[in-house]
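Q: Let the sequences and hints guide you as you build the complete structure.
Here the protein sequences line up with chains E and H, keeping their order. Residues in the first sequence are numbered consecutively from 657, following this note's numbering. Residues in the second sequence are numbered consecutively from 349, following this note's numbering.
Honestly, the hints are just simulated from the structure, not real lab data. Any given hint could turn out to be false.
[Unchecked claim] In silico DMTMM-like links for lysine to aspartate or glutamate, alpha-carbon gap of 25 Å or less:
| # | chain 1 | residue 1 | chain 2 | residue 2 |
| --- | --- | --- | --- | --- |
| 1 | E | K814 | H | E1001 |
| 2 | E | K690 | E | E765 |
| 3 | H | K1006 | E | D961 |
| 4 | H | K998 | E | D961 |
| 5 | E | K960 | H | E1001 |
| 6 | H | K524 | E | D1026 |
| 7 | E | K822 | H | E1001 |
| 8 | E | K960 | H | E1004 |
| 9 | H | K796 | H | E880 |
| 10 | E | K811 | H | D1005 |
| 11 | E | K1098 | H | E523 |
| 12 | H | K986 | E | E1024 |
| 13 | H | K998 | E | E1024 |
| 14 | E | K1098 | H | D521 |
| 15 | E | K1021 | H | E1004 |
| 16 | H | K524 | E | E1099 |
Keep in mind it's a predicted model, so treat the numbers as computed, not measured.
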Amino acid sequence: MISNHLPVYILILLLISAVTTPAIKPSSKKFRPKLVGTLTIASLLALTMFIVVWTNGPFYYNFGNWDSVIGIEFFVDEYTSLFVLAVLLISLLIIIFSLEDILHDIPKEKTPHYYTLMLLMVFSMLGMIMTNDLFNLYVFMEILSLTSCGVISIKRNKANIMASFKYLMLGTIGSVSILLGIAMLYMVTGHLNMGATSQTISSVWQMYPRNILISLSFILTGLGLKAAIFPLHVWLPDAHSAAPTPSSAILSGIVIKIYAFSMIKILFRVIGIDIIKAISINEYLTYFAVISIVMGSVFAIGQKDIKRLLAYSSVSQIGYVFLGIGIATEMGLVAGMYHIIAHAMMKSTLFLSAGAVIYRTGIRKVNEFDGLGYELPLTLGAFSIAALGMIGIPGVNGFMSKWYLGLAAFEIGKPIFIIFILISSFLNAVYFLPIVISAFLKESNRREQIMIRDDIPFTMKAPLVVLGAACIVTGLFPNIIVNVIQRALPTFMTFVF
Amino acid sequence: MKKKMKKAKQKFDQLILKIFPDIFCVNCVLVFVIYLMIILLVGIATTIGLGGGPLSLSNPDSFLSKIGSFISSFEALPLIIILLPILGGPLEAIIGKKSSILRDTLVVNTTFITFILIVLMYPQVMRGGLSFSLPGVLGFGLNFNVDILSYILAITSGILWLFVSIYAHDYMDHEKHQNRFFLWKSITFGGVLGTLMAGDLFTMFLFFEIMTFSSYVLVAHNQSNESMLAGNSYIFIGVVGGLSILLGMLMLYAYTGTLEFVPLASQLAAIGWPKYIMVGLFVIGFGIKAGMLPLHIWLPKAHPVAPTPASALLSGILIKIGAYGLLRLTISVFMPNPQEITGFLDPLWDVSRNLGVMIIWAGIITMAVGAFLALQQCEMKKLLAYSSISQIGYIIMGVGVTAYLGYMGAMGYAGTLYHIINHAFFKSLLFMVAGVVFYQTNELNMFKLGGLWKKLPLTALLCLIAIMGIIGMPLFNGFISKSLLHHGIVEAYEYGHASFKYAELIFRIVSIGTVAYYMKFFISVFLGELPEKFKNIGGEKGMMDLAMGGLALLIIAIGHVPHFLMDRFIIPSARALTYDPAFIKKYLVDIEFFTYSEISGMFWIFVFGILLYIAGTRFKLFQLTFYECLDIDKGLYKPMYNGVVSISRKFTEKFEDKIINNDVVIYSAILMVIMFFLLWFT
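A: Shown next, in the form of structure tokens:
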């Protein structure tokens, strides 16, 4: 009975916490425990929800007991609950990291505002993951858009405000594009609920094919812009590099994945795999994905600032997810969805360790990383583990995504994709390995001035260690995630309302 | 602060020395004696015929036989053997912060315990292979399968690591960052053992990558400019090799559905032309690791620049892993099931045959170019590095013969395996000798050395033993493996295509060249006049000599009792594969090594080698210079890498801002494009 309301509990908890955060003074002792405590309780609730779904199967949750056709509905399957849990845990770690780190970006009086925005962001992300209603998706998407702009521009800096403004403008274009697409779908199907829409879509497809096609193109372009596929990624480098580190981590690691997941939901649950294959939209997705994979890495090689480099690397990695979606077989979806979670862990680790380096030494340029391995061994160690994962070394979770993508590509008989994946692995090595090598194996002339080692605060060290360990654990035992995905696959391949 | 730590370390060391003088030396001598006892014990036990079942002690309920049966049925041994060095490494690094003597003792002991555990696998391996799986790891599960091939190579690695660890204590006195060196050396050991004991390609790939990355740290150890460049070359080419193998693995899994080392020739035959791409990928991937031409360029840079213990390991075992990978594929993936074929000419051997031709010629080219370049070198370690390339050429040729001759490939198989083992021993001994010379004189250029036999007599003798081994002098181990390989290539043109007669000719010429350049090495370094500045260098160091002596003993022992390895390990291993049993019986069992034709053949090779050496020094043939464009490294690889980086940079500079400034235009363009494609459909 109680377990049924779990999605709502999580959301309400986050919402209330977000709204009441400004009421507590940042210097009071209750501030940090309240933040961390909220997210921890939310994570525990998410864990409970996951266990419930794993044992009992997916469930629908209708808000206010209104019928699904009229009201808002959440649909929680195994992968959704796992994703919710992952988002909450990673956000928890990022917020723990930010407790110390944010203080050198914004003044202390503003930190409540920052955490309000962060909590609202997590709230909207969870809403977007769980929702089964198209317009509800749009509502949460707007909240996510505005709060992500907020967490970038909270630092009162010219670059930040410019970047945030650009993100806002492009984000609005993307959102409106998606809204137009949703409206056109509503126009012909008469439903906003994803399940109801998917029931009527096949008959609608016979009657109004053009309408659906136009709406799809609007939705896909909008989602592509928000998920940062090349060449629609233009807002990402400025936004992610100028933002304070915790914001970059959460934006690059999680937010863009939410849009990719929404694309999966819309394509596979609303439109349905038959129509997709009929119009071969998945092929176009794979072309964009491949371009994104290669060009993201090419641009990353040319970067000198570490955060911009990581931002372009995200463009490349989102390409992997889109490639998995585009392949549109079971193995492809497994690969794409596994990579969503794997990359969230890896990218957060990378951004957090880069942030720790900037916090401690102020170094942002890639060619100044010499000898940092001696100053900050833990930080650079976590960075190296995540970097090895991005390159694709077995033992870290990045390798498994490439393996599954490779198998999926062979399944549909297009081995050319694998060549691109491996080229991108090599390009990743070209820009990640020099950083790792120079950090550990080059002498820097700063070493004489160093007294103590690794003096970043504990709240910054702990998330790095946990995330690095999580990368290795999910790399050695990918079945933890893959089994969940495989249980949830039927709801994507044939959505029965 | 660092000076304080150093002082504390020295104090601790002195404290230990007071309590227990010379703990390291005593420990090493003890280890060596126990090692000798184990080897003798295994030798006697297997000759009398105790191997194969539990130790046949009279009372089956006695404590010893209970231990015996526990050991011979303990299945998780491979996992423990791999975990021991990988976990021991960090432990050694931590202890190394306190005391270097304790750390070195721990290194030797850990390596020795690992070696004992490897030996303990013997009963199970002899019974038909030791299989162990860890399901769920990495999605597919880790599979270990130790058959005789893996086993003998694991023993070789164990012996090598043991002696290198004893050697490294004295050698690393002169180097910095010692803890890091020993840490990554141990992890590399774990990686090597994992690769050797892997039961399917996936597990092998995991440990292969671990091995590549951990050995990188050993190569770049000195952190000098040269080391960093060599390290960059090593790791980037290593990553490309790994990706190549990954692609091959994906293809194999997609087409056949399995990655295990089982005979798959029938499935491969059904694939059609993609199988040649797959084979090519594997050859490139493993060939990069092995140092096959033209993918060898990292080797002459990496092996000289690493500290000597690391060079000995790199040349001794790590390049063999590449050859082992190729050999494994040849005898499993490309080999048909025994029940499916009707003999030598069965068409299922076709893939193997085509593969074999390619590999034989790759091996011949490798050995020729390696020997030719070795003749030109004036630096000790570079000469040894090129010699490694040449000898790997022999091994690769052997793999090729095995593949080419298919059903009758047992001779090639035996030669390859034997030469892998032999080369591990004599090449690491040679590197150790070079290391001793460098340690005492700090000079690597051969022409600036000379007459060192007066100062380092034992080292000179051991060097002579190793050289006797590598050139193939009868009564030393090289003779055995070279004869086997020679028989193999002769069979290739007897049973196959006549063009391999030229291959055999090149084989003999390269052997002549080998004699010449090793004469050059020995004479320049040890004979002749002792230069003034070296008149006061130190003499022999005990532990280094112990390590080198151990290897030399093995070289002599294998040379005198060649049938031990043949009968106990190589022939049973060949019998387990799809080779013609009659062929094995006729040609391999009780093979006569010391026949007149073999020894006289060797005699003429020695004569010509000496003549070549005299001619070379007389006519200055050994200092040829080359055109820069013939250097593959500068001509092909560096430009490719620089090209990738500079194209990316130029692209970024030109287009990044333009793209960012035209964001909305791009959005509308993409929207139009997508709509166009979709609507065009209807």
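Q: The structure should be examined with respect to each hint, and the outcome stated for every one.
A: To see whether the hints hold, each was checked on the structure:
Only pairs whose Cα atoms come within 25 Å are accepted, and K814 (chain E) paired with E1001 (chain H) is accepted, the gap being roughly 23 Å. With a C-alpha separation of about 17 Å, the suggested pair K690 (chain E) and E765 (chain E) falls inside the 25 Å cut-off, and the hint holds. With a C-alpha separation of about 19 Å, the suggested pairing of K1006 (chain H) with D961 (chain E) holds against the 25 Å cut-off. Distance restraint check for K998 (chain H) and D961 (chain E): the Cα-Cα separation of roughly 16 Å lies within the 25 Å cut-off, and the hinted pair is therefore satisfied.
In summary, the hint linking K960 (chain E) to E1001 (chain H) is supported, as the alpha carbons are separated by about 11 Å, within the 25 Å threshold. For a cut-off of 25 Å, the pair hint linking K524 (chain H) to D1026 (chain E) stands: about 18 Å separates their Cα positions. Of the supplied pair hints, the one linking K822 (chain E) and E1001 (chain H) holds, its CA atoms being roughly 21 Å apart against a limit of 25 Å. For a cut-off of 25 Å, the pair hint linking K960 (chain E) to E1004 (chain H) stands: about 13 Å separates their Cα positions.
Our distance criterion of 25 Å between C-alpha atoms is met by K796 (chain H) and E880 (chain H), whose separation comes to about 11 Å. Proposed proximity of K811 (chain E) and D1005 (chain H) is supported: the alpha carbons are some 24 Å apart, at most 25 Å. Annotation: proposed proximity of K1098 (chain E) to E523 (chain H) holds, straight-line Cα distance about 16 Å (limit 25 Å). Proposed proximity of K986 (chain H) and E1024 (chain E) is supported: the alpha carbons are some 24 Å apart, at most 25 Å.
Restraint check for K998 (chain H) and E1024 (chain E): the C-alpha separation of about 21 Å stays at or below 25 Å, so the hint holds. At roughly 21 Å between alpha-carbon atoms, K1098 (chain E) and D521 (chain H) fall within 25 Å of each other, so this suggested pair holds. Between K1021 (chain E) and E1004 (chain H) the CA atoms are separated by roughly 18 Å; this keeps the pair inside 25 Å, and the hint holds. Taking the CA atoms of K524 (chain H) and E1099 (chain E), the gap is near 13 Å; set against the 25 Å cutoff, the hint holds.
In summary, the structure agrees with every hint in the numbered list given earlier.
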